Amino acid sequence: VNADLTKLIFDRNHRKIFSGKENPAHTPAVLRGARGSLPLDDLECHKAPQLFFRADTKPFKRRSKSGVRAFERRRIKGNLRAAEPNKVIEFDMKHIRIPNNGKKYAMVAIDVVAKQSVIHVSNTCTSASGKIAYQKAVARFGRDAVYVNDNGGENQGKAELWLRSENITQLWTRPRTPKDKPCVERMIGTLQTECLDYLIGPMSVSELQAEIDSWLKKYHSYRPHESLGFLTPHEFLNNFMSHSSTAVSLS
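Anchor point for the sequence shown: position 127 equals 127 in this note's numbering, and the numbering is continuous, going up by one each time.
Hints in this document: simulated from the structure, not taken from any laboratory. Possibly wrong hints are sitting among the right ones.
[To be verified] Straight-line distance between alpha carbons at most 30 Å, and here's what the computed DSS-like set of lysine-lysine pairs gives: (1) K158 <-> K179; (2) K136 <-> K158; (3) K65 <-> K77; (4) K136 <-> K217; (5) K103 <-> K131; (6) K217 <-> K131; (7) K103 <-> K218; (8) K136 <-> K65; (9) K218 <-> K65; (10) K131 <-> K77; (11) K179 <-> K77; (12) K136 <-> K77; (13) K179 <-> K217; (14) K158 <-> K103; (15) K65 <-> K217.
Please read these numbers as outputs of a predicted model, since none were measured by experiment.
Work out the full structure: start from the sequences and follow the hints.
What follows is the structure, encoded as structure tokens:
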């Protein structure tokens, strides 16, 4: 018997590999051979490897209810573009941290074409707050728009069920991929640098909502956008051509 082959000989009775320090009387005859005992000093004692597995384990794995819902969600593989306003709306949530004011949340929805935005301020970031934010967005942009959001909890639960009950299309971005919704990410940065950085607490939710709404009026009617040909969002809507294509495409 070749000594190299004996390194993997498995004793089924003791569930381990024999080493040279074992009693020769207890060593299997196949190791001793006809020409005497083999040099087994180099062998080590190991636990038996677990070789029993099922190749079909994954298909039988039970998913949780939330896992099933996540698996069935419609996801995009790039940022959506539209040729006219009120067709693609990006949605995201921002943490608001103002000195001496605790933590609050702003849920931002923005039209990717006209740059019109709706912002809802809340004390919590639950799906109930998300539902209210979506109701405000739908009242502004309509039910025919496609709403793109990430996988945050504010977009699930009550908000997801309400959008589904209203037959409103909700698309989900890929996990940890903020570039799938760049317009709302840019809007959140602008909100922080041009509005929230100048606020000082303490402020209630209604007071903070009033401050943001006041800033939004200036954002829509006074602040020009390079992507709109240096027009304000209001001017762009007024100049929009009614015969423009309504097709939505991936870029």
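Here's how the hints hold up against the structure:
1. A C-alpha spacing of about 26 Å is found between K158 and K179, which places the hinted pair at or below 30 Å, so the restraint holds.
2. Among the hinted pairs, K136 with K158 is consistent with the structure: their alpha-carbon atoms are about 15 Å apart, no more than 30 Å.
3. About 24 Å separates the Cα atoms of K65 and K77, which keeps this hinted pair within 30 Å; it holds.
4. Taken as a hint, the K136 and K217 pair is honoured in the structure, with Cα atoms around 16 Å apart against an allowance of 30 Å.
5. Among the hinted pairs, K103 with K131 is consistent with the structure: their alpha-carbon atoms are about 20 Å apart, no more than 30 Å.
6. Between K217 and K131, the direct Cα distance comes to roughly 23 Å. Compliance with the 30 Å bound is thereby established for this hinted pair.
7. Our distance criterion of 30 Å between C-alpha atoms is met by K103 and K218, whose separation comes to about 25 Å.
8. Straight-line distance between C-alpha atoms of K136 and K65 comes to about 29 Å, which keeps the hinted pair within the 30 Å bound.
9. Among the hinted pairs, K218 with K65 is inconsistent with the structure: their alpha-carbon atoms are about 44 Å apart, more than 30 Å.
10. The hinted pair formed by K131 and K77 meets the criterion: a straight-line CA distance of about 25 Å does not exceed 30 Å.
11. With a CA separation close to 10 Å, the supplied pair K179 and K77 stays within the 30 Å bound.
12. Restraint check for K136 and K77: satisfied, since their Cα atoms lie roughly 27 Å apart, inside the 30 Å limit.
13. A distance of roughly 27 Å separates the Cα atoms of K179 and K217; the hinted pair therefore holds under the 30 Å criterion.
14. Only pairs whose Cα atoms come within 30 Å are accepted, and K158 paired with K103 is accepted, the gap being roughly 22 Å.
15. Of the supplied pair hints, the one linking K65 and K217 is violated, its CA atoms being roughly 42 Å apart against a limit of 30 Å.
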